[in-house]
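J.: Chain by chain, the residues run as shown.
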Amino acid sequence: MRETTNSKGLVKINLDPVNRIEGHMKIKVLVENGKVVDAYSCGHLFRGFEIILKGRDPRDAQHLTQRVCGVCPTAHAMASARCLDDAFGAVVPPNGRIIRNLIQGANYIQSHILHFYHLAALDYVRGPETAPFIPRTGDDYRLPDAVNDMAVQHYVQALAIRRRAHEMLAIFGAKMPHITTIMPGGVTEKVTPEKVNQFRAILQELTDFIDNVYVPDVFMIAEAYKDYFAIGQGCKNMLAFGVFPLDDDRDPNGQNMMIKRGAYTRGRFTGVDPKKLTEDVKHSWFKDETSGLHPAEGRTEPEPGKPDAYSWIKAPRYDGLPHEVGPLARMWVNKVPEVVNLGEKAFSVMGRHAARAIECKLIAHAMFAWLDQLKPGEPTHMPCSVPQEARGMGLWEAPRGALSHFIEIKDYRIQNYQIVSSTSWNGSPRDDRGQRGPIEEALVGTPVKDPENPIEVVRVVRSFDPCLACAAHLVEVASDRCHTIQVVT
Amino acid sequence: MRRISRREFLRICTGATAGIGLLTALEPTIVNTLAQAAEGKPPVIWLQGSGCSGCSVSLLNTVSPSIEKVLLDIISLKYHNTLMASTGAKAYNFLAEMADKYAGQFVLVVEGGISTAAGGAYCYIAETEDEREISMLEALKHFGSKAAAVVAAGSCASFGGIPGAAPNPTGVVGVWEIIKDRPVVNIGCCPMHPDDFLGTLVYMLKYDDIPELDEYNRPKMFFPDIIHVGCPRCGYFARGIFAKNPGDEGCLAFVGCKGMVARARCHQRQWNNGTNWCIAAGAPCQACSEPTFPDECSPLYGRYRVSD
Chain S
4 MRETTNSKGL VKINLDPVNR IEGHMKIKVL VENGKVVDAY SCGHLFRGFE
54 IILKGRDPRD AQHLTQRVCG VCPTAHAMAS ARCLDDAFGA VVPPNGRIIR
104 NLIQGANYIQ SHILHFYHLA ALDYVRGPET APFIPRTGDD YRLPDAVNDM
154 AVQHYVQALA IRRRAHEMLA IFGAKMPHIT TIMPGGVTEK VTPEKVNQFR
204 AILQELTDFI DNVYVPDVFM IAEAYKDYFA IGQGCKNMLA FGVFPLDDDR
254 DPNGQNMMIK RGAYTRGRFT GVDPKKLTED VKHSWFKDET SGLHPAEGRT
304 EPEPGKPDAY SWIKAPRYDG LPHEVGPLAR MWVNKVPEVV NLGEKAFSVM
354 GRHAARAIEC KLIAHAMFAW LDQLKPGEPT HMPCSVPQEA RGMGLWEAPR
404 GALSHFIEIK DYRIQNYQIV SSTSWNGSPR DDRGQRGPIE EALVGTPVKD
454 PENPIEVVRV VRSFDPCLAC AAHLVEVASD RCHTIQVVT
Chain A
29 MRRISRREFL RICTGATAGI GLLTALEPTI VNTLAQAAEG KPPVIWLQGS
79 GCSGCSVSLL NTVSPSIEKV LLDIISLKYH NTLMASTGAK AYNFLAEMAD
129 KYAGQFVLVV EGGISTAAGG AYCYIAETED EREISMLEAL KHFGSKAAAV
179 VAAGSCASFG GIPGAAPNPT GVVGVWEIIK DRPVVNIGCC PMHPDDFLGT
229 LVYMLKYDDI PELDEYNRPK MFFPDIIHVG CPRCGYFARG IFAKNPGDEG
279 CLAFVGCKGM VARARCHQRQ WNNGTNWCIA AGAPCQACSE PTFPDECSPL
329 YGRYRVSD
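Chain order of the listed sequences is S and A. Quick note, the first sequence lines up with residues 4 to 492 if you use our numbering. Quick note, the second sequence lines up with residues 29 to 336 if you use our numbering.
Chain A with its partners taken away, still in its complex shape (with noise of 0.2 angstroms):
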């Protein structure tokens, strides 16, 4: 099997590739880093806050490696609410035995915020055998204390996203304002595109370490730069032609592009197998990479202001 570098990784993660899955050139190394002894695969454990499961669902649009090599062969997902066998009380006490049995070893994945108002009574998760319930927030808190690290997947669990925004009823926060004293990697985007996840958590797994962030904690071989500088209506940008209705041919900036301040990689990788993406729809950006997304780029049709 051909080693793979942490350079070569890299550039193949950040590679214009576009419409091409990301992991295309990795999935070979994947596989076979990975998938060794049956107990080998590395323990996963998936929580869902104070979210919608849109960025479970987009885990399961990955294509390359599919899901079902995600979940045979690549990790041992121990709990996931949505796709789990069992339920109710046997289910969570499954899951606090595996948190135990892999205590400092296993990925915490968080999808959705986490809501701390009323004592996090807003979210509660499972409840015990002698009828306590668990919110989310505390989950969050016992299981993040056992966990080698965590990966808050999506907008809401690393920035509060739409749960979290003005005025915040339920006190929504992204996970890295819970968890201090362990690594909070940041998947941002509404959902989480799967490439951007998986890259990241093969990363994780594969040199038992975390890739270079930003300051906003998100991994920078998948949050490089803005898409407007790659942005396919750049051309309309510099020659001063604006579409007047989302739709239009022209640039969106004037009816809601928000491509100069969203960093991400839409324009290269796109989504859903490199089938569309936003601006190339006509709908302009929402800028659904950032932790202002949604408070600082609404209204989602109007021009960006700059705050400062």
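Isolated chain S, as found in the complex (with noise of 0.2 angstroms):
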């Protein structure tokens, strides 16, 4: 973290490595009378899953697009199982369903608990005096010693946890981290009673305890540290692609599902036109001529050094906006109460972390009633085959926003594969326009107290829960042309 004063009195801070994100993250700001004046998002971190995806068997992509993040791999498998149902027709019955949304569903429970107390809470709660919870950022610790005590055994419990929520994940999903039953037309493991029961008992372990400690710790720390309620405000647009499908009928709109898709751009609440999607690139370490397609027909020829540039991560737009995306805008753009009802305040530090705890113990209670509605002995997965060629598009949500998977097949191969998951969303650089990204244009107006300590600076960063782990920006070269596929998750 440098420090330097220039002529004007702005303060520059660089934050390299973010720590407790998932991955390589870079945040500059520039700091002029104690106050955030601009701020720079950057991803540091490009594999190349698209060239490596080129030309594989399509069923293949499902599983290894989950290896762009090992936190969210669930979201990946369903998004790119989405997308290959749709290139495939595939028919997935009602038990196929559920199962995913199951399997989707503990992922939400283990990744909402996982951030808030295994990367968020330190910036609240004083850990024990032994690495890694040492050194700390600063010293701004407002939890009467009692309360402190009880979070950080809130915070070991937790461990626990969220162990327990994969273990209920792997009853149908055979193991996590990288789940290998989830495949276009349903999943290939079976409903028993049995399972069941087994999954029923550790969900009502983890219920008890989003009731009880999550989301009572979230309220606690959200009362100690109130002022967040109007520190990050951020772009104000939403977007949310939807999760969860509660039926079987074709649902193009996103609308029969428990999150539903939806956006709030502009101040005003709107449906989700996928054609609205552009990446621009001026920003990012790819050529200016390839800014601003739609991510399907994305192009993207990396031009490393480029001035002006200062990301791997390309800057995907709605509409020709930055727009959040998150627990924030599904619980906003579904007008859940808890989170509507707080108005302006939610749009905020504390507005984040509330509504994810939110979310988190919805999801939980609506599981319940799916776990009633599962038919042991019927079948899981319809059998399907790869067609010669076909286009696919998946719109799912990981735990931390809007992720879309987009296929072409050719010759029973993929052709090209696109990713744009949640942190390019919400870390991506500024767009052609000059417009920031959302976690950069949060960060604006943020108060500093200690140059040498940025605390509120990485609490304005991490309620957005980033992902950089997936930063890739993947680089096809074809003959004519070139594509990019981006996945900051």
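No false leads were slipped in.
20 angstroms max Cα-Cα, derived PhoX-like pairs, lysine-lysine:
1. Lys31(S) / Lys309(S)
2. Lys57(S) / Lys413(S)
3. Lys452(S) / Lys118(A)
4. Lys193(S) / Lys378(S)
5. Lys31(S) / Lys15(S)
6. Lys31(S) / Lys118(A)
7. Lys118(A) / Lys15(S)
8. Lys193(S) / Lys272(A)
Residues from chain A shown here face chain S by an in silico Cβ test under 7 angstroms; the list is partial:
9. Cys80
10. Gly82
11. His108
12. Ala113
13. Thr115
14. Ile153
15. Pro191
16. Ala193
17. Asn301
18. Gly310
19. Tyr329
Calculated directly from the structure, the hints in this document are not laboratory data. Virtual Cβ for every residue (Gly too), placed ideally from N, Cα, C.
Using the supplied hints, reconstruct the complex from the two chains, each of which is provided in its own coordinate frame.
T.: Right under this line is the structure:
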């Protein structure tokens, strides 16, 4: 973290790495008179999934793309499976749909608890006096000792709880991370009364923790740090693709889902038209002439060292505007009362933590009914085959926000595969019009008391639960053009 | 406290205790021998390269010892990007300081492959105070040279894994292709299994030695034989009953199962606290334990092609 003060009194702070997030991220902020006046978000890992996927059996995409992210592989499995279902014309039986929902629900619970306790909480709770809990960033710990001790206990308890969520997931997912049972047409695992009961018993344990520990802890911390309801506002545009289909009818608009598709743009609630998705690259290390395309037609030619560029992340935009994705966006566009009743305060660091906890509770409770709908002995999978030529799109929600996969199949092989994932949205750099990405925008105005320990900055960044593990811009050098995939989950 | 011999350690590790946390029997020994003086906990540094953090998540899924025991009683985890409290140059400075202080003593754990293309520029892990970007390649060479030993956690760090799959756009290789003057122990599987990892780490810390390795530097005690020999669907294979689709009854060999080449103990230890595993759930084994994963294991639903 380097600080330099120039002649105008601007202090520059580089944070690299930003820890307790997934993957490799750098944040740069400029501070003037104790406030952030400008911010840059930078993704620092490039792997190359698209070039790896090209030419492979389309069914492999669903397994390979999970490795984009070890924290939310289920979300990639699901976006990819839906993308393949779409391309293959696959029919998923009710048991298959419900098991997929249960697998995804289990990982929402795991991910949200992991994020709050093990990634975010150490910004508010003083951890034990041993590595990796020291050294710390500053000393703004406000909880009374007894409460702080209890929160540390909950940190430890949450380690076991999130593990239990993965065990619950594995009942139908075989293993986690990187499940092997989801495939186009459903899932391979069967429904038995024993599995349903085993799942229900763990779900009850998790729900007890969510209701009695996680949600109260979030509101306890929100109370002690209530100034953070006014910090980290962001772009106030919200986007959600929807998750958890509740029936087996075709649902092109994502309305038959527990968490529905929707947007909140320029202060108005609207539907989502996937045609309005674009990705800009003016400030990313890709050639300018590839900017502004729809992701399904995306082209990217890397240009490391390009002037004015500062990230491997591209800048996805909806209707030309940056949009925040994630629990706050989902709860806001679904008009969940506990969140919309916060009004303006919802667009904040604590608003995001609160929305995440409320969402976790809603999902966990909904899962009991899904378990009751499973029919032991009935099929979980309908066989389907790889088409010679097809296209497919899978819109889904990772715990961290809107996720989309796109496939083009030619001669039974992957011709092109594209992913735009949650942190591409939230962690994006500026677009061609110079509009900051949501995290950058949320940082502007943040007070910074001690530039040596900019805890306020990392609190804002972590409220988005960024996941850079998968920052991958995927380059396919074809004869006449290059495609890209950018994956930041 | 009961002493435990190496022979016994190996017996426990390789015991066919399906569904029971592998290290349950070892736990009292581990905690007692390693959690002595406050300063006595062995230092461990964990770096992440071109990977997905899935092996870190898998580590969190350990049951016995529990992760809190691991973190608070067994090791002193000096640096881990996803878990540690600090951020920025302060975190990196701490890493450098710890690596110097414990030079020749700490175990370096690497998660994710090592991107070698473009001088390492596809994966930066930190920036120094004078604004110099540190690539994973540079960090591995630098900190690897100070480590007592290196553990490559998971498929990517061991063999390149999926980021290293053809045509390997960012030149990802396994750690052992970079570190030549230190022992490198490879823990295969995608992700690594926490029992395989912690069992190896505990062995190394307890005996100050490397366990016996196979030709791919995997500990033989955890990668003893192919899954096929212990597969519960082996009876179907013997009777020639083959599944037509994944999920069907029968041997999964014709729908992609690579259990014939996967050297791992999934059929014994399973995953997620013995909850389930791929073949039991009707999903063909992908042989994610092998250096050939994923290229020679693809198509994942296709029959295994013997390449010789």
